[in-house]
Amino acid sequence: MNELLMHKEQVNEQLARYGVKFGIYKNGVFHERLFPFDPIPRQIGRDDFSLLEKGLRQRVMALNRFLSDIYGKKEILRDGIVPEEFVYRSPGYLAECEGIQPPESIYSHISGIDLVLGKDGVWYILEDNLRIPSGASYPLIARALCRNCSPNTFRRNTVQDNRNYGAMLKEVMDHVNRGGINVIFTPGRYNAAYFEHSYLAEQSGAILAESADLFVDQQVLYYRTSQDPVRIGAIYRRVSDEYLDPLCFEPSSLIGIPNLMDAYRAGNVAILNSPGNGVADDKGIYYFVPKMISYYLGEKPILHNAPTYLPYFREDMEYTLSHLGELVIKDVAEAGGYGVVFGCDLSEEELGNLKETIQKEPRRFISQSVIDFQELPILEDDGQQVMRKADLRAFVLSGKDTVVWPSGLTRFSRNPDSFVVNSSQGGGFKDTWITVSQ
Amino acid sequence: MKKLEFEFSSCLTFSASVTDHAFLLRCLPRLAAGQELVSHDVLISGGKLPMESLAKGRDSFGNTTIAGWIAEEHDSLSYAVSGVVLRDDRKKEREECSPCYRYDSSMTKPSPEMKAFVHQLDLKGEPLEVAERIADAVHAWFSYAPGTTDVNTTAAEAFQSKSGVCQDYAHVFISLARMAEIPARYVCGLPKGEGATHAWAEVWQDGIWYGYDPTRACHADEGYIVLAVGRDYGDCPTERGVFKGNAFQMQQSFMQVRNCS
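Note that the protein sequences, when read in sequence, are chains A and B.
Counting in this note's numbering, the final residue of the first sequence is number 438, and the numbers go up one at a time with none missing.
Counting in this note's numbering, the final residue of the second sequence is number 1261, and the numbers go up one at a time with none missing.
Extracted from the complex, chain A is given alone in its bound form (with noise of 0.2 Å):
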């Protein structure tokens, strides 16, 4: 493991060259950071990785079972197990997809489910990402890059090795794939996590492609090429639904592709992830997933929200008000970090504006109870390690099967005060370990 911790410097650097960035827009300018990594790697036993699987599997399907639900039958809501107005008052609900039965029923088939491991050894569903959930790219490269400095690591230590992300990305795609090639669709070089969508294109055997290299005739989306147009059957997009089909959503959007709904409902596409996920990773609807766990598949659910309290409700708006100052209070339309405040951070005045406008807006808010996660030891530039808040992003893809890629995005908070530890909001990551015992 020494080893590998010498070599800090020279792995940062390659990220840097290879152009592992973040990009983030601050004040309307864009910036680009590098992204940095911290060689120390998360590891997670493969016994207690096992339970995750799991546990994350379990999620996952119930949430396909739920968007699928959504926009057809709407059982849950007819049987009262979810308000119908967390469904159609949340922004990530699209009237435009009703009735849309996507290649094999699969919504999400990348979900990127955040976690933190609490101080009391448990695992805490932080949130579900099903749109674009971006970061498998980091600690795939970064492992990479740490076998080619230190190989010797790898030799003494079982890590399980987690190279195949692009074989099972593809595996997913072949799986819901139309008939023609696989793309990887970004908005193109500004986009703050175009490193990603290259390096996944170049893993997947997928061809890279911007709004001007796609169009659609006749219900087809097809790929521009010198010479004839080449046929599309699977689209991984990485432009989020609102841009993604100026006909159908936001007319001015100039990175979308005309007419692609059209394709996708006539089931000449599959679309990765579909479009209308967001309304199953509302902040607000992440409260029911537990519920949805027990209504859709009959089985308790596995793993744990954080204490959780929906203003809502009578009684948790009670508890949300009367409690505020222990409390995290979260804007369920916000992500990225953003939206996000801990009420013993606020003034007496801060927390009686807050107070009220809760109320104003019950639906507006989340509460949760602050989870003291665990810290994990970070090498800072002086050879000293300290210890930070850090979670992981577990990757699950839905295809043929369901399965969690065998590692995960750490990410840290690099402010040994916060516990916010998006990397839009300057944190950096490790790998993650999966390891078999000897």
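Worth flagging that the hints you see were computed from the coordinates, not collected in a lab.
Keep in mind that this is a model prediction, so the values were computed, not measured.
Cβ atoms here follow ideal geometry from the backbone N, Cα and C, with glycine treated the same way.
There could be a bad hint or two in this list.
Some but not every residue of chain B turned toward chain A, in silico, with C-beta under 8 Å [stated by the list, open to error]:
1) Ala1055
2) Ser1060
3) Ser1098
4) Arg1231
5) Arg1240
Here are the computed lysine to aspartate or glutamate pairs in the EDC-like style, where the Cα-Cα straight-line distance is at most 16 Å [what the hints assert, rightly or not]:
6) Lys1056(B) x Asp217(A)
7) Lys73(A) x Glu1095(B)
8) Lys1244(B) x Glu1095(B)
Computed list of chain B residues with no C-beta within reach of chain A, every gap over 10 Å [claimed, not checked]:
9) Trp1069
10) Ser1076
11) Asp1122
12) Thr1148
13) Glu1222
14) Cys1260
The hints should help you fit chain B onto chain A, whose structure is shown.
Same frame as chain A, now just chain B:
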């Protein structure tokens, strides 16, 4: 029961040649119980567009769509539809109401003024009675003034300005109806007479959608042909398109509906 003969045509002309033109039309009468499309003709032309390359489909709101793609340079796109429709309100069938028609949509979000307005109307009774009162109130509130609003004007903006065209009347009507807990949807279509396409609204009661025309303060009866419905205008424009090229676009449309002899 009414047998209606209709024609609807529109021509888009560009000030310079354009390419890579994708479009989606909702120019054919919607297929629904109570409105039977007895016969119809479609003619669409633009560049070297072959008619057989047009793709008919159905969107999530149940509207008939026609999608097309013109890659080569062209300077116009025109479409003309005509045919015969049998309208019979007694043949309407009970259907479930999609819950999306009960919630605010992006163009019909009410302003605080609209909330106060609906409160002040003190609406009580069956949905149809309430809808009638709302239609009258909207009609009285607005003065019909083309050019004061455009296709992107929201219900709240139109309400504020107290003037607008049929689209604005329909949006405000829908917004008020949904606040009164009546499911309501936007309708784009062809009423008896001639001129431009028209917009009105429908409200749902006991499984049936009933048409109201707040612009004319009347029921949208069997003299109205429905082209497309949606939560608001954004879901069901008769024509939407994008193209490459540096050109202005001009549109001329005409429609006519009359009793069929």
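* Asked: With a cut-off of 8 Å, does the beta carbon of Ser1098(B) approach a beta carbon of chain A closely enough for the hint to hold?
  -> holds (7 Å)
* To do: Would you settle whether the hint for Arg1231(B) is holds or violated, based on the nearest Cβ-Cβ distance to chain A being less than 8 Å?
  => holds (6 Å)
* Under the criterion that the straight-line Cα-Cα distance not exceed 16 Å, is the pair Lys1056(B), Asp217(A) satisfied? -> Status holds; Cα separation ~12 Å.
* Does the claim that Glu1222(B) lies outside the interface with chain A hold up, using a Cβ gap greater than 10 Å? -> holds (28 Å)
* Against chain A, does Asp1122(B) keep a CB gap of more than 10 Å to every residue? -> Answer for Asp1122(B): holds, closest chain A Cβ roughly 24 Å.
* Would you check the hint for Lys73(A) and Glu1095(B), treating anything up to 16 Å between C-alpha atoms as holding? => Status holds; Cα separation ~14 Å.
* Distance rule for Trp1069(B), whose beta carbon must clear each one in chain A by more than 10 Å -> At about 4 Å from chain A, Trp1069(B) fails to clear the 10 Å cut-off, so the statement is violated.
* Asked: Beyond 10 Å from chain A, beta-carbon-wise, is Cys1260(B)?
  -> Holds: least Cβ distance 32 Å, greater than 10 Å.
* Taking 8 Å as the limit, does the beta-carbon of Arg1240(B) come near enough to a beta-carbon in chain A? -> holds (5 Å)
* Per the CB criterion, is Ser1060(B) less than 8 Å away from chain A? -> holds (4 Å)
* Far enough from chain A: is every CB of that chain over 10 Å from the CB of Ser1076(B)? -> Check passes; 18 Å lies beyond 10 Å.
* With a cut-off of 16 Å on the C-alpha distance, tell me whether Lys1244(B) and Glu1095(B) pass. => violated (42 Å)
Checked against the numbered hints above, the structure violates hints 8 and 9; every other hint is satisfied.
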